[in-house]
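Student: Here is how the chains run, residue by residue.
There are 4 protein chains.
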Amino acid sequence: MEAIPALFISDRVKELIPRYQQFVREELIPLEQGAIYGSFKAHLPSLNALRKKAKSEGLFAPHLSEQEGGLGLSLLEFASISEILGQSPLGHYVFNCQAPDIGNMELMHRFASEELKSTYLIPLQKGEIRSCFAMTEPEHAGSNPIHLSTQARLDGDEFVINGHKWFTSSADGAHFTIVMAITDPENLNPYQRASMILVPLDNPGYRLIRNISIMGDEGEDYLSHGEVAFKDCRVPASNLIGEAGAGFALAQERLGPGRIHHCMRWIGICERVLELTCKRASSRELNPNHFLADQQSIQHGIAESAAEIKASRLMVLQTAYLIEKYGAKAAKEDISTIKFYVSNVLMRVIDKAIQVHGALGITDDTLLSFWYRHERGAKIYDGPDEVHKTVLAKRIIKNYSAK
Amino acid sequence: MEAIPALFISDRVKELIPRYQQFVREELIPLEQGAIYGSFKAHLPSLNALRKKAKSEGLFAPHLSEQEGGLGLSLLEFASISEILGQSPLGHYVFNCQAPDIGNMELMHRFASEELKSTYLIPLQKGEIRSCFAMTEPEHAGSNPIHLSTQARLDGDEFVINGHKWFTSSADGAHFTIVMAITDPENLNPYQRASMILVPLDNPGYRLIRNISIMGDEGEDYLSHGEVAFKDCRVPASNLIGEAGAGFALAQERLGPGRIHHCMRWIGICERVLELTCKRASSRELNPNHFLADQQSIQHGIAESAAEIKASRLMVLQTAYLIEKYGAKAAKEDISTIKFYVSNVLMRVIDKAIQVHGALGITDDTLLSFWYRHERGAKIYDGPDEVHKTVLAKRIIKNYSAK
Amino acid sequence: MEAIPALFISDRVKELIPRYQQFVREELIPLEQGAIYGSFKAHLPSLNALRKKAKSEGLFAPHLSEQEGGLGLSLLEFASISEILGQSPLGHYVFNCQAPDIGNMELMHRFASEELKSTYLIPLQKGEIRSCFAMTEPEHAGSNPIHLSTQARLDGDEFVINGHKWFTSSADGAHFTIVMAITDPENLNPYQRASMILVPLDNPGYRLIRNISIMGDEGEDYLSHGEVAFKDCRVPASNLIGEAGAGFALAQERLGPGRIHHCMRWIGICERVLELTCKRASSRELNPNHFLADQQSIQHGIAESAAEIKASRLMVLQTAYLIEKYGAKAAKEDISTIKFYVSNVLMRVIDKAIQVHGALGITDDTLLSFWYRHERGAKIYDGPDEVHKTVLAKRIIKNYSAK
Amino acid sequence: MEAIPALFISDRVKELIPRYQQFVREELIPLEQGAIYGSFKAHLPSLNALRKKAKSEGLFAPHLSEQEGGLGLSLLEFASISEILGQSPLGHYVFNCQAPDIGNMELMHRFASEELKSTYLIPLQKGEIRSCFAMTEPEHAGSNPIHLSTQARLDGDEFVINGHKWFTSSADGAHFTIVMAITDPENLNPYQRASMILVPLDNPGYRLIRNISIMGDEGEDYLSHGEVAFKDCRVPASNLIGEAGAGFALAQERLGPGRIHHCMRWIGICERVLELTCKRASSRELNPNHFLADQQSIQHGIAESAAEIKASRLMVLQTAYLIEKYGAKAAKEDISTIKFYVSNVLMRVIDKAIQVHGALGITDDTLLSFWYRHERGAKIYDGPDEVHKTVLAKRIIKNYSAK
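Sequences listed follow chains U, E, R and D, in order.
Residues 1 to 403 in the UniProt record's numbering are what the first sequence lists, from first letter to last.
Residues 1 to 403 in the UniProt record's numbering are what the second sequence lists, from first letter to last.
Residues 1 to 403 in the UniProt record's numbering are what the third sequence lists, from first letter to last.
Residues 1 to 403 in the UniProt record's numbering are what the fourth sequence lists, from first letter to last.
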């Protein structure tokens, strides 16, 4: 029977899913404990070998067009693949569709100059380099995207950037960043003050202050979140992405599909976590021949998780479909809905799984601890729950007031 | 933009929805306060006039085939119409697709003899008579469907029925009931002991003890729940529906689509209730020019309700689609999921609406009180939450244990 | 072992509790079904007989001083008795400590003139007459207590009152009301515009428009909520309670202890409801020799209810103690806390009880339906949850900001 | 006004609280970030200096009698102090009343031989050595305390211990452990099969396999959780604590007060976390002059946390009082209640605080991350929620069935 409704799944994806699933099971899951809890850097050779294997099997970069070396999947098609990849924290990385790179690829594909594309985008698409995205500032609430201090002043044919960013994910080891900076501070429209500028990270005006220690991990390389500084950082004016003043609009464009990617990845985590829960419950004996899975409270927890995961998947696929058909702007309500709904489902599913695992659940002997810690951000990044609920409600109320 | 995904909605239904919507708005809503809080019986003439109007507009009995006087909609197509009708407590009744009659129509259509069909089913389909369904017994937990005391003993070519039932909805004024009774008490398989038998209610062995007072209302006619007794109640053996001993299996067949009907009706209520909430919030002034709708807690409640309603709709339509394609048995997990998920959403949406309405919310000046009271049963009838969660979980755990 | 901490219970109360408990069990519970679901008026003779019995046993009016014919209990002492009485919806009425009369007694005791006391308060204390309190207006959100339209204009030595009130509880059959009306509309301080004025209800300027139908019941006499009108309603200026302009301040004084009374009554309901739950769970057989009470989900529901009830009781007693010692103003945070915490506990406890009772739970064959319907207002009246949470939070945040 | 009810607080404690509070604020909080997120071992000299200071101020070891070098506080008195100490993760450690040592001190004080006391207990009370407690086994569900594999066989005047334990908290650097081992495997009463035996950790039959990595931290010294092995580990038979076969009973005795200590520590964390929340909300600007604290959703979260913390404190103090007066066995229901109620409050309060802190909340720049990760175990250790709810419910149901 169809777990995913026929509308939401093409024949091609139906054929691809078991292939990705097998890859995740056979190649990625065995590596997880080492790469995630050990040194990610030390695992780069193995991971690169897997990227090659993915390429040779024609599975690499499912989100890119065939000309760009990918599979040419639509947003909706990629969504279902993204759920499979999300089952492992290595999934998106190995197939080169990990955040923040995928967002930068989408953005540059649409808005970067040909020169920037050939120098930066192509090697990024091939997985030869990595990138990052510098937007959030420690001094300002991220929930207000126009509240920024970083400035890029035009000096001749160069931008001179000064500012302080954090949660610049994967900055460690990245080749370039796209930075959001105020270029037109006097613009009367506060939504038209900022621009996006590409900065190669070997620039002497750039500094990685630290990999922020997050929930017990400083992390490294791809698995890290940088605090970075720009001090009189000079880049050619031609490094501008899109129009000057378009930073906020581009960020919105970047976030729409980005939230689909995140949500489907979260659903992948949920499925994996529910599987771990069921396995543990089925095998953990409380008394001779009486298992955790025989406890009604455990059963009900599993049922509630399953229901919420199903609801999540349908809503996210529906939203991907709407974005594809009508654009991200038209699907704004739907995007806000899935962002807060699915992130909360994710945290509940993980929390119940830990409870079922008992003492084991809080150790780093399983991935539950990793997800519990590192997905807590899901309710915060890309707009906290509170913001999305308000956005959604205002839209709805407006409809009704109009009547 | 599409509120209902294209897969789930045919062109025909797309065209029908606004027509039903208009009917509900213009014809039913103005009648509600009187018919629901006043005397239902006194409103029968108006309601019958509306049935005629529905027939003349070609909207009557959407669930029946065209030969039977309906529109020939599939289960999935009817689901979307059912949401519209659910917005008014009069909706399903006027279009003759109300429970318990719709369940009896489906059952008899598939399993009744030609004679029973011509005598009972045809006038039922035309809306000339009403029926009821006598299964639940006060002495036994309804959550265990094989726990019954009512017996039907074969005496020559007659069944002699003795037993005590309640929650025989709409018994008051009904023309016949279908009763679930033990016909083979010794069968080793407890699921094969009961049968379904049609009993015309002018039978001297049948008695309507009372319309049970439920949440403050005894109700009357269609809007009532009977407690009934069978005392040496004799009916022809040919009044058997389906096979002897098939009662439990038939009840399952009856319940599958029945839960789709209920769930879509609940979603209709949710939509109406959310609309009432938004209207009240937008118009209720707290301070000069500061409205309830400006309060963040109200906004977040609306956003959460909207998200849950959307999730509910997608899951129910998906389940209807699966039942249509693979049968109710194959969709058992999905049916259990929507039953407990949507009924809980319903109660949360109603409860929040009452809170937004303040003192008005607990009066009978709006329908909120009616739904708050009479939909509380949604978490109980057709299997309480606890049963459906356990059913679902056991199915899931079984999958994983197999691995 | 002590269910109620020793601090919170005097020796006298310890001795009184079992006596009240016995009265409730033996005298009130047998009357409930008839008086609550049948005609309250028809039960007045029986209830008056019980009041006499209460007097003869020295249990009547526990909240009044001995000179006033009561037991002279302190607020804290009365709180524990109030929990016992709350177990029956007839409890407070029979002992003449029911809202809204108890609030009026407290108010008049402290702020009424000697003349008003002798004419109105004394017969009220004796249970010879009943009263009501007219504050809420349908046109204004009750959550903003200074938003009132009812006006009382001084014309010579008379007030001329014009206005429209609802939720004037127990107006049907009451002898007088205290009405909150604007007497000084131009006062710069909006909290000093209203006054409280006593109005005898045989006044031709007063009209009981209707007993509002609430959750299915219009009710009658004490068990009713009136919508009332004042049209050029003239009363002597000396009917003023307290100072002119003190209406808001007096309302606050009235509400502080009033919330203790409500909360303890709710806890009494909770205890009774939990008892019903346990009894039903212990006696309802699912399969031979397997009872509802053996289900883990039922057990956990009972445990959660028990925990929340215990938390509620301790917080309310602690608040009563603080009010007694430091005054209602000083205990404002605590009062807000119990108001929203306990009302939510109440609704959760009742809702779980209904679920455990299954179909029976939604009938009027038990009191669960009465409480489910008529206590829903608990989250609304005397300040909705939202207001109390905001009040509490602002106080707390203020403390921290000060640092 | 009194935050803690007078019954629950002696004059002595009232005088002590501000002294402990000052110590925590001035001495401990400044050390936290380094000692908790850095190397705990490296901070031992500073912490030992603080222990000396605590001794010189007469605040050391508040739970011990004066003869033992403590303050001689009762369980109830110590509870209020424990809340203050709980505000810092260094609090209990510095005052030498940290788990698991405090539990071992209580146990040995009551049940150890004089010889064991002089050799082990006295230096433990002085803070010269640390200890641990080896009970939980990875192979068995901790929720079933009689399900153990570790055996201690008597061989002459020695026990020979073989087994595998984990979550032997603070094993790293400890001087001795008390191990729970089966000494009488054939005993018909499964609750009388295990004994407690003291094992000095320089024993060659003992091995610390690893400090388990928990939620991202292996930790070290006191801040660690060991996995340990006993292989033919020989100790004198006189190292038995209490009677042979009394292991389970002693564990119960150990856990009763232990849960008071934990719960009050959790409440201390809650208070500190709520303070951090309020400070962040008051200072974090969303728009010019509009702060997080002005958001209603933030306010309501703070109010709910405050209510739940208040409820928690009252219930725990009440339970401490009951244990003191009637013994831990009599207070079993109360102990179960606080265990599951307060641990859930704790996790909700922390989770809301993280949300209010936004991105900062998931970094290790505040202690929120430490508590979020390391207190997740609170719902698991010393009996998971599910077990305590079942225990409580069965007790309650039993009462009602008896009626």
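Rather than coming from a laboratory, the hints here were simulated on the basis of the structure.
Certain hints may be false.
When chains are identical, the list treats them as one kind, so a pair holds in a single copy or across two.
Okay, derived cross-link-like pairs now, DSSO-like style, lysine-lysine, Cα gap no bigger than 27 Å in a straight line [unchecked claim]:
#, residue 1, residue 2
1, Lys52, Lys279
2, Lys279, Lys329
3, Lys325, Lys14
4, Lys279, Lys394
5, Lys394, Lys55
6, Lys117, Lys53
7, Lys332, Lys279
8, Lys41, Lys332
9, Lys14, Lys398
10, Lys14, Lys126
11, Lys41, Lys55
12, Lys398, Lys279
13, Lys14, Lys41
14, Lys329, Lys55
15, Lys231, Lys394
Note that this is a predicted model, so its numbers are computed, not measured.
Student: Does each hint fit the structure? Answer for all of them.
Tutor: Hint by hint, here is what the structure shows:
1. In the homo-oligomer, the alpha carbons of Lys52 and Lys279 never lie at most 27 Å apart, since the shortest distance is 32 Å inside one protomer and 51 Å across protomers.
2. Taking CA atoms no more than 27 Å apart as the test, Lys279 paired with Lys329 passes between copies only; the shortest distance there is 25 Å, against 41 Å inside one copy.
3. In this homomeric assembly, Lys325 and Lys14 come within 27 Å of each other (Cα to Cα) both inside a single copy, at 21 Å, and across copies, at 18 Å.
4. In this assembly of identical chains, Lys279 and Lys394 lie within 27 Å of each other by CA distance solely across copies; the values are 13 Å between and 43 Å within a copy.
5. Taking the shortest alpha-carbon separations for Lys394 and Lys55, neither the intra-copy value of 45 Å nor the inter-copy value of 40 Å comes in at or below 27 Å.
6. Proximity of Lys117 to Lys53 under the C-alpha cut-off of 27 Å is restricted to the intra-copy arrangement: shortest distance 26 Å within a copy versus 65 Å between copies.
7. Proximity of Lys332 and Lys279 under a CA criterion of 27 Å is satisfied inter-copy only: 22 Å between copies versus 38 Å inside one chain copy.
8. In the homo-oligomer, the alpha carbons of Lys41 and Lys332 never lie at most 27 Å apart, since the shortest distance is 38 Å inside one protomer and 47 Å across protomers.
9. Within a single copy, Lys14 and Lys398 get their C-alpha atoms only as close as 40 Å, which misses the 27 Å cut-off; across copies the closest is 25 Å, which meets it.
10. For the identical chains of this complex, Lys14 and Lys126 are intra-copy neighbours only, at 25 Å inside a copy versus 45 Å across copies, given an alpha-carbon limit of 27 Å.
11. When the C-alpha separation of Lys41 and Lys55 is checked against a cutoff of 27 Å, the pair qualifies only within one copy, where the shortest distance is 21 Å, while the shortest distance between copies is 48 Å.
12. In this assembly of identical chains, the alpha carbons of Lys398 and Lys279 lie at most 27 Å apart only when taken from different copies (10 Å versus 47 Å within one copy).
13. Taking the shortest Cα distances, Lys14 and Lys41 never come within 27 Å of each other, neither inside one copy (34 Å) nor across copies (55 Å).
14. For the homomeric pair Lys329 and Lys55, neither the shortest alpha-carbon distance inside one copy (34 Å) nor that between copies (42 Å) is at most 27 Å.
15. Proximity of Lys231 to Lys394 under the C-alpha cut-off of 27 Å is found in neither arrangement, the shortest distances being 40 Å within a copy and 41 Å between copies.
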